[in-house]
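One letter stands for each residue in the lines below.
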Amino acid sequence: MKKDLLALGFIILAIALILSGTKFQTVDEYYLTHIDDITADSKTVTISIRCETIRDNWNNLVPELQSDEFVPQDGVILPETTYVLREGDTAFDIIDRAVRYNKIQMEYQGANLNSYGSVYIQGIHYLYEFSCGPLSGWMYRVNGVFPNYGCSKYELKNGDKIEWVYTCDLGRDVGCVWMGGEWNGQ
Amino acid sequence: MRLFSSYHPGVLLVYFIGVIGISMFTMNPLLLAVSLLGALGFAVQLENRKAVAMSFTFYIPMFFLIAITNPLFSHNGVTPLFFLNDQPITLEAILYGAAIGGMIISVMYWCRCYNLIMTSDKFIYLFGKAIPKLSLVISMAIRFVPLFIKQIKHINTVQKTMGIYATKGVADRILSGFRIFSAMITWSLENAVDTAASMRARGYGLPGRTNFSLFRFTLKDGILLSILAFLFSIVLIGSSLGVLDYSFYPRMSSIQISPVSVIAYAALVILLFIPFVVEVEENRKWNYYILKI
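Here the protein sequences line up with chains A and B, keeping their order.
Counting along the first sequence from 1, when you hit position 86 you're at 86 in my numbering, and nothing is skipped either side.
In my numbering, each number is its position in the second sequence, counted from 1, plus 1000.
To be clear, the hints were calculated from the coordinates, so they are not data collected in a lab.
Honestly, I wouldn't trust all of these hints.
Said to hold, decoys possible - The list that follows gives simulated cross-link-like pairs (lysine to any residue, SDA-like), each with its CA atoms no further than 20 Å apart:
hint, chain 1, residue 1, chain 2, residue 2
1, A, 23, B, 1076
2, A, 23, B, 1068
3, A, 23, B, 1285
4, A, 3, B, 1177
Could you build the full structure based on these sequences and the hints that come with them?
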């Protein structure tokens, strides 16, 4: 009997530990994001999310996503919008705030879950990595340059222009050369 | 007498491979439900009702465990219910988990039935000549689980007789379970070696060795095999046309209703309920003749 109580205590402790590290939010709470008003002296960045490359590779797209609802006609999921840059914001903080404000679905792998120590964006607006062929997924560029590291490590500065683009060809179809230049499909 | 088990082993193997394959490679909830019902109906006919009811105590918690686990890892889907650590728990992911759980349970029930119908002598009869080593290993592996359970009961009884009781609560029972399990590991390794050595001593797998078997391919097997071939080809054509397709992400698709899909579903229902109907019909006849006496 004593052993039973001890085991029960350990189980309750384990459940309490798991629950204490878990954050529950209702849908409304999650999307209730505060976006700062732009004033004359605030630092700002612009962000856009686009997936027009999928339209060129329509046959590779998984059948259940082949509709205008998930892939907009012009490929624009979020048109270029300006948001206030808070102190110490990374590229991930901006997209997280932007998709929440606009109620766009996003799934990401947290920074502590992969070996790069940075957040990895798996899918935006139901379009996931590998949804459009084995070389497809989301990439980001800042001021036209693709940084070769994770978005939660890229600290932004005033006036940066962030673009999230969906590639169907490991970045080559959106103008990224650091990987596509040497790698030729073998 | 189980009528379904009196068919030729080859026909039975074709049936089970086909049915388990269909259940494993589909995510269509309608199809999974029919498959689960077919397997359950068959299992009720083969085993007594009590054994099937007992199996629920294992399968129902497993079903819920799978259904709850999937939404923790998969966040796709258009209907978020709430957010857990900034990731949505969606209705689609929960239902997908439920479908996976149903699929695994229906496959397990089909395997239970397979185990009761396809005894190892039938399996060895089919493959003993062509792939002797592999067929022996497979038949031993399939035999392993029921043998393991039987031996666990055996060792448990022996331990009780020796006076090693486990009656001081749940933790004690779990620890004594570990003790029995460790004894089982040794025993099962030894048993496997013994079986292999014994089969070798009998000259199993040597060229020119003959063996006796009671299985003969008769007209009734031919009829069943042609019916199965016909139904399987309808299902294959249907699934290659995509009428049986179903997807959960990002939005659950609706089940297609068209003349072709209705034919494919009808073929599937007949296919999955053949053993149930065969057994029920046999039982009906049996009772009728008993009444006549």
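Hints, one by one, checked against the model:
1. Proposed proximity of residue 23 (chain A) and residue 1076 (chain B) is supported: the alpha carbons are some 19 Å apart, at most 20 Å.
2. For the proposed pair residue 23 (chain A) and residue 1068 (chain B), the alpha carbon gap of about 17 Å is at most 20 Å, so the pair holds.
3. Proximity of residue 23 (chain A) to residue 1285 (chain B) is assessed by CA-CA distance (about 62 Å); at most 20 Å being required, the pair is judged violated.
4. Pair hint residue 3 (chain A) plus residue 1177 (chain B) holds up; C-alpha atoms about 15 Å apart against a cutoff of 20 Å.
When held up to the earlier numbered hints, the structure conflicts with hint 3 and nothing else.
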